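Colleague: Start counting the sequence shown at 1; every next residue gets the next number (the working numbering).
Treat the hints as calculated values from the structure; they're not laboratory data.
Just so you know, these numbers come straight off a predicted model, no measurement behind them.
Ideal Cβ placement from N, Cα and C applies to all residues, glycine included.
One or more of the hints may lead you astray.
Said to hold, decoys possible - Here are the computed distance ranges between Cβ atoms for each label pair:
hint, residue 1, residue 2, range
1, ASP28, ASN144, 34 to 40 Å
2, GLU102, LEU206, 22 to 28 Å
3, ASP28, GLY183, 31 to 37 Å
4, GLU211, MET187, 32 to 38 Å
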Amino acid sequence: IDLYQLHWPDRRVPIFGERDYVEPEIFDPVPIEETLEVLADLRASGKVRHFGLSNETPWGTMRFLHLAETRGWPRIVTIQNSYNLLNRTFDSGLSEICHREETRLLAYSPLAFGRLSGKYRHGVRPEKARCTLWERFSRYSTDNGDRATEEYCRIAEEAGLDPAQMALAWINRRPHVASNLIGATTMDQLKANIDSIDLELPDDVLAAIEEVHRRIPNPCP
Numbered sequence: 001i002d003l004y005q006l007h008w009p010d011r012r013v014p015i016f017g018e019r020d021y022v023e024p025e026i027f028d029p030v031p032i033e034e035t036l037e038v039l040a041d042l043r044a045s046g047k048v049r050h051f052g053l054s055n056e057t058p059w060g061t062m063r064f065l066h067l068a069e070t071r072g073w074p075r076i077v078t079i080q081n082s083y084n085l086l087n088r089t090f091d092s093g094l095s096e097i098c099h100r101e102e103t104r105l106l107a108y109s110p111l112a113f114g115r116l117s118g119k120y121r122h123g124v125r126p127e128k129a130r131c132t133l134w135e136r137f138s139r140y141s142t143d144n145g146d147r148a149t150e151e152y153c154r155i156a157e158e159a160g161l162d163p164a165q166m167a168l169a170w171i172n173r174r175p176h177v178a179s180n181l182i183g184a185t186t187m188d189q190l191k192a193n194i195d196s197i198d199l200e201l202p203d204d205v206l207a208a209i210e211e212v213h214r215r216i217p218n219p220c221p
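Can you make the complete structure from the sequences, with help from the hints?
Modeller: Right, dumping it as structure tokens:
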């Protein structure tokens, strides 16, 4: 296995819409030391080359890195977390870790369950779309999320851009991102997503995006 990632922490952390850390623990988590020791054994046996984390916090990430340094165990090389225009919480602490510790982000949900494509604007529910089929996927269905999405879509339209491609291109240019994990239902969506790799956003579009983020920061963490 080239890259083995831990899907989520074995402890309670504020993810999937939760904003704040809540204590005490509601169950006994497996210690990070025990997990990393097993990962070290897997690499020593030749089964796995590299390791990464997913849905991890700054504390958890630094704990893995500290133990790797002090015990001589393998360092994590990736963090796969949600990252998009509606959820930039990664930038508050984890982006600095990526920069200083040479770890990179694999950004998932880059279109926020498709909402940043604009297809759900004005209450529209496209047939066979994810949020139409599974209404419980409400992480990005908030009042502030809808407000921010509308503004981002308008920025794209005024610049003559496809909203989905603009959202993806914004992620592609972030220095701590190693991979933008796109998803698609149709071939047209897949082609549009792939084509975003060649899109360079002009400075006025980037400035407009930052202005929306300043007024409506992280509406859907």
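Colleague: Could you run down the list of hints and mark each one as holding or not?
Modeller: Each hint, compared with the structure:
In this structure the supplied range 34 to 40 Å holds for ASP28 paired with ASN144, their Cβ-Cβ distance being about 36 Å. For the pair GLU102 and LEU206, the supplied restraint of 22 to 28 Å holds, since their beta-carbon distance comes to about 26 Å. The hinted range of 31 to 37 Å is satisfied by ASP28 and GLY183, whose Cβ atoms lie roughly 35 Å apart. A hinted range of 32 to 38 Å holds for the C-beta pair GLU211 and MET187, which are about 35 Å apart.
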